[in-house]
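Dock chain B against the given chain A, drawing on the hints supplied.
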Amino acid sequence: MKKVMEGNHAISYGVQASEVQVISAYPITPQTQIVERLSELCAGGELDAKFIKVESEHSAMAAVIGASAAGARAFTATSSQGLLLMHEMLHWAVGARLPVVLANVNRAVGPPWNIWTDQNDSLSQRDTGMLQLYCESNQEVFDTVLQAYRIGEKVMLPVMLVLDAFFLSHTSEIVDVFGPDEAREYLPPYRPAESLSPESPKAFGNLTGPDNYYELRYSIFNDMQRAIDVAKEADDEFERLFGRRYGIVEEYRTDGADTILVTSGTVTSTAREVVDELRDAGRAVGLLKMRLFRPFPTHEVRRVLGGRRKVAVIDRNIGFGVGGIFAQEIKSALWGVGEHLPLFSFIAGIGGRDVTPDVIKEIMDITDSSEMPTEEVYWIGVKDEQLSYLTK
Amino acid sequence: MSGNKKTFDDVSQVPLGAVSADDMRWNKTGTWRNVRPFFDPKTSPCIAGCPAGENIQEYIALAREGRFEKAVRVIWESNPFPAICGRICYHPCMDRCMRSEHDGAVFIPAIERFLGDYAIEKKIKQNPPSKRLGFEIAIIGGGPAGLSCAYFLARRGFGVTVFEAKEQLGGVLRYGIPQYRLPNDVLDAELDRLYALGVKIKTSTVVGKDMGVEELSKYSAYFLGVGLQGSRRLNLENEDARGVMPGLKFLEAVNTGKTVDVGKRVVVVGGGNTAMDVARSARRLGAEVTVLYRRTRNEMPAIEDEVREAADENVAFRFLAAPAEIITHNGGVKELRCQEMELGLPDDTGRKRPVPKAGAFFTLPLDSLLVAVGEIPDVESFESIVSVSNGLIVTDEFGRTSNEKVFAGGDIVTGASTVVNAIARGRGAAELIAAELTDGVFDPKQQRKVVAIADINAAYFLHKKAATMPQSNGGGESFTEVNLGLTCDQVKQELSRCYSCGVCDGCDNCWVFCPDVAISREDGVYTIDYDYCKGCLICVQECPRGVLASERETS
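If you're matching them up, the sequences are chains A and B in order.
When you line the first sequence up against my numbering, it's residues 1 to 392, in that order.
When you line the second sequence up against my numbering, it's residues 1 to 555, in that order.
Just so you know, the hints here were simulated from the structure itself, not pulled from any lab data.
A portion of the hints provided could be inaccurate.
[Claimed, not checked] List of simulated lysine-lysine pairs, DSSO-like, C-alpha gap at most 27 angstroms: (1) K202/A to K50/A; (2) K53/A to K465/B; (3) K534/B to K154/A; (4) K125/B to K200/B; (5) K534/B to K5/B; (6) K202/A to K6/B; (7) K70/B to K28/B; (8) K218/B to K202/B; (9) K53/A to K218/B; (10) K249/B to K166/B; (11) K232/A to K331/A; (12) K3/A to K50/A; (13) K202/A to K264/B; (14) K28/B to K202/A; (15) K202/A to K70/B; (16) K264/B to K249/B; (17) K464/B to K50/A; (18) K131/B to K166/B; (19) K2/A to K232/A; (20) K249/B to K209/B; (21) K202/B to K258/B; (22) K200/B to K166/B; (23) K352/B to K334/B; (24) K258/B to K166/B.
The shape of chain A in the complex, shown without the other chains:
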């Protein structure tokens, strides 16, 4: 059924369709509406879930970890500082192999306070072992909730679903939603092999010495690698049942393209328009959208970028002391396969600054203007005057 809804509510309805049993969250802008609508669905009897109010994000994550350990399908949502506060518990969910789903609305990290979008909050959790999926539209948000549970429960790892603050969270779009009855074939009930039970009390998370800890880490690594194929399968099956697919990455007009622009999140939608325009003007450019970030789709990236002339990467994030984080990951993926592809790394849109078609065109012009990058990292649109004013 098609409905007009904001991205946050698309998450809520995705959670409802997934028949989540336990929800715990602490409110933070711009995540609030996700939980608000869920609490309404619970209170109104439209979702048969326990809604646990907590005093912090750390507790929210701890609560869903407990619920998941007891065999329940569990959900939480947060943003920015809230996600940072959860950090310890994210590692816990991974190490305990609990497939909770966390929706993170990308919001810049303070100080200074900023409630607008950028990716540093979620990318700071890069090495926790959580899967990360970045969404471009509200429809993708809704669909990805179901995919996230399907993937997570197959590899027994938690999944973070990521969407941009305001550009998606608070923007209304048409979303084709469905309920639990339609979803059940795609997403059967969660039945873990081990779960907490007073009838058979077992110890979980025991002290594990050097003789075993190493293997348990190895097992997480392997399941993360396996998650790439699981995610592909989840997408294929989703298309079979619901007629929509996203890929773990998506190519857009890459046929015959010399230069590939790499994006994630809502910048992608703008980039599609720019690519269309440049193609019409006869420039051989294409687009690669990164949807799955963890595990990193190394082979797909190599396949799409292999044999091109240049790559431009837009990062709405910054790894201080290195550069854009997606750019670093893509460079790594291309290393050692005989590619010496010039990679132009651009920082744009941090702290919610608009990434407009003109910004993207400027990025493409810079990429065209030299054979090799002239800078390690290009910061697009830095206001020199204002900066010098600030330093006075």
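Frame of chain A; chain B shown alone:
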């Protein structure tokens, strides 16, 4: 370490996370404990605060379940007169209510009144005693102390005869407290409980006058609860002039329906409950009333509610003023010359002593001067049989006098006190008499520890506003009852506000919160399994009502 070591043939068999291979019950984590939680039911502060020891928590819990009859019978265990006390008690229970600091004390007397009225309306019968004992007990004085003693003795099967000096039973309940606070039909309905128990009543019988004290010797024991019959005087000239009257005498006249003409301007002297009753009654007779009190409102012994209601009814107050001279004209009172006072150092009651302000006087014109500066005892008739000190009968705290057959209680022992204290003394004496005559054991209940505010976890209680008493319009003009009683919805709301301090109500918090699943629940009873309780004390912390406590492990 016990438990079995498990070896896997293949890495694929290894569980995903660190999980014990087997049930871990062998690991008795209770040995880690150095503090131990335990269920430690306590006394609710309201119960500790009630002189009669009414089991307030229990009757509220029953009423909350809609079991009103059972609830009222619980009250009758310790007080035969809930409809009366629910109206006129000074409710020390409420002062102790743990809800006070949260959103206002539970309106306990209003609940008590509701249940008392329920029993009257539904004609709930007082059960007769299951057996009759062969003892006859005399009760001298048909006021709250004597009637309470009579009731509790009769319940046990004693034959009881009450001797009352006045025409009807009730004492201060009938002759002192005005109708607008305690209607006679309520009083009579509650007194029916005594008749149902077969208590014999001899009214208009003054012991020591209409009947000799020696006649009491034919009874197995007797109880003196004669109260305070005299009125303290101002000790001024012209105190017996026309228009000057003791407050109690005035109240008795009004309460028995006699025509009393107090004229237009009335001055009431005193700051206690009697003064308030006198002032408000005079107001209802159409007079302009001024209360003269030698200290300030803060030191007034009257119940705060009574003072406020008097003020609401346009009773005027002149504080820091005392009568100095009664000026008469043709044998009738005409003016009262008053001395202005100021507060000095505290006296032995802790209240600041009023001292005259040199040369400061004023004069009030008046038609009646009603004096309510205290009641005094008259024990002359009993001096031959019991010891007396300062005009009061000497007893121990349970009512034993110097004469082994004679017991006493109420104001004649304590001096001016309250109805509920008299009821408590009457019951205490009844228990003592019963024990002594039947060789029973007299074991005044050892009170359990009383809940303290620190025991309460108020986070579990939503804020709910306390009910206010609906009152009749036109207060201050007629003798119809002012306080109408709470509506059913209000009563329900008040019942829901009770914390049930110190008494488990099966909320499940301990059971839910125990991280070691060491608390079990069966038929509403919780048990701690010390094999696994690690002593985290979360159960103690999360018990909303202070039922759980902890102690250090000694071994």
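Evaluated hints:
no.	hint	verdict
1	K202/A to K50/A	24 angstroms, holds
2	K53/A to K465/B	25 angstroms, holds
3	K534/B to K154/A	36 angstroms, violated
4	K125/B to K200/B	18 angstroms, holds
5	K534/B to K5/B	25 angstroms, holds
6	K202/A to K6/B	14 angstroms, holds
7	K70/B to K28/B	45 angstroms, violated
8	K218/B to K202/B	16 angstroms, holds
9	K53/A to K218/B	73 angstroms, violated
10	K249/B to K166/B	13 angstroms, holds
11	K232/A to K331/A	23 angstroms, holds
12	K3/A to K50/A	26 angstroms, holds
13	K202/A to K264/B	87 angstroms, violated
14	K28/B to K202/A	13 angstroms, holds
15	K202/A to K70/B	47 angstroms, violated
16	K264/B to K249/B	19 angstroms, holds
17	K464/B to K50/A	26 angstroms, holds
18	K131/B to K166/B	31 angstroms, violated
19	K2/A to K232/A	26 angstroms, holds
20	K249/B to K209/B	20 angstroms, holds
21	K202/B to K258/B	23 angstroms, holds
22	K200/B to K166/B	15 angstroms, holds
23	K352/B to K334/B	31 angstroms, violated
24	K258/B to K166/B	15 angstroms, holds
Hints 3, 7, 9, 13, 15, 18 and 23 from the earlier list are contradicted by this structure; the remaining hints agree with it.
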